[in-house]
Amino acid sequence: MTGVTTEKKMAVKVIIPTPLRVYAEKKDSAEVSAQTVGEALGGLTSQFGELRRHLFTDDGKLRSFVNVYLNDEDIRYMAKEATPVKDGDVVSIVPSIAGGNRCGR
Amino acid sequence: MPENFQLWMSHDVAGRIRRHGAETFPYECCGALLGRDSEAEKVAAQAETRPAAAREVLELFPLVNRRDDSPRNRFAVTADDVREAEKAASAHGLDVIGWYHSHPDHPARPSEFDREHAWPWYSYVIVSVMAGKPADMTSWRLNDDRQNYSLEDIEIRKGALA
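Going down the list, the protein sequences come from chains A and B. For the first sequence, the working numbering gives the first residue as 109, with consecutive numbering after it. For the second sequence, the working numbering gives the first residue as 34, with consecutive numbering after it.
For reference, chain B alone in the conformation it holds in the complex:
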């Protein structure tokens, strides 16, 4: 079942994710994506090429990578961090719709470790940072069967919907 997901974000938000990845290089960065599905769904429903699902990142909540034992190739967000991110989201009237992290000197593709630890529904944005410079950025959602990811198109849009 090929799904057609879209993740919208402004140029500014995309730039902030890339910069966070460059700042923490050679370690992985991580943070929460705050946004909503509903408005994006309505706009997407009127578009010619209707995505199966669309959502927009409106704000970021950068976090500290808790994996100080192997920060070059792992990141961890504790349950307390998740609760903080959810509080920050609801203060903006938003939800935590996903997470971002960087792959220092690796492609922006989910690893087996990413898949095993992923939650469904969330968008997982990965930014590849090669030799300290942000490169490709992709977004993925875990399939219901937990076996595979679906690529989600990142659409850079001017301004926010809200």
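Chain A with its partners taken away, still in its complex shape:
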């Protein structure tokens, strides 16, 4: 049985990193329907609205320390958020950590 819509959505699993599970009912993953990685992340934040501010800046860009992998590939080396997804793909959100004292240069 096939859908009649031209934009076929794929069933994708999104892995939620430990520090964000508290905003996602303590779940470690969520199932979403999407055509691209960006849509998958959008699907996640529409299920769990509080995740949005930790993943995206105020102008809607992915934060620099939020890394997104499609299966095992960093999306920065593919088509970034426009990277298409297939049924059964796994999108993982992986933190990177940065900091340091007062005066940067």
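There may be inaccurate statements among the hints.
Said to hold, decoys possible - Away from chain A, derived, C-beta distances all over 10 angstroms, residues of chain B:
hint, residue
1, 97
2, 166
3, 168
Said to hold, decoys possible - Restraint-style ranges between C-beta atoms, simulated for each label pair:
hint, chain 1, residue 1, chain 2, residue 2, range
4, A, 139, B, 179, 24 to 32 angstroms
5, B, 126, A, 160, 18 to 26 angstroms
6, A, 168, B, 56, 38 to 46 angstroms
7, A, 182, B, 191, 38 to 46 angstroms
8, A, 180, B, 165, 40 to 48 angstroms
9, A, 135, B, 103, 31 to 39 angstroms
10, A, 185, B, 181, 17 to 25 angstroms
Bear in mind the hints are in silico, worked out from the structure with no lab data behind them. Note that CB positions come from ideal geometry on N, CA and C, so glycine has one too.
On the provided structure of chain A, position chain B as indicated by the hints.
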């Protein structure tokens, strides 16, 4: 909303964080804190002064500071390092519950740069290293609104819970 967080660790773990900071001075050190919340939560729930949240560091995963361009005042842990730390944690049956780093010749307070780059939920331990000697050590958690940190009391406990 004043939160009362506690981070427990043994004398040994605290000493290892301080020593790492002294070893890398004048550069920043960094590493992962491996532990659990759940047992500490149960013990804390029976205490007289109940913290809002308690967790215990049971193991450390020291890392190499990837910021070789400005290692005196920056540290960076790549996504690959984070995945390695998570693997090490699950091999011990633990989680990555936070991160530690040093502030060479600076107080153990989070900087604006620390806040902008912080994740919620994690404990961020900062050890000040003054002229090569470990000084104050503090722990912080980012608030939900991302605007401020809450200080987390570090409680040195004998032995581990696990």
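Going through the earlier hints one by one, which of them does the structure break, listed in rising order? Those not satisfied are hints 5 and 10.
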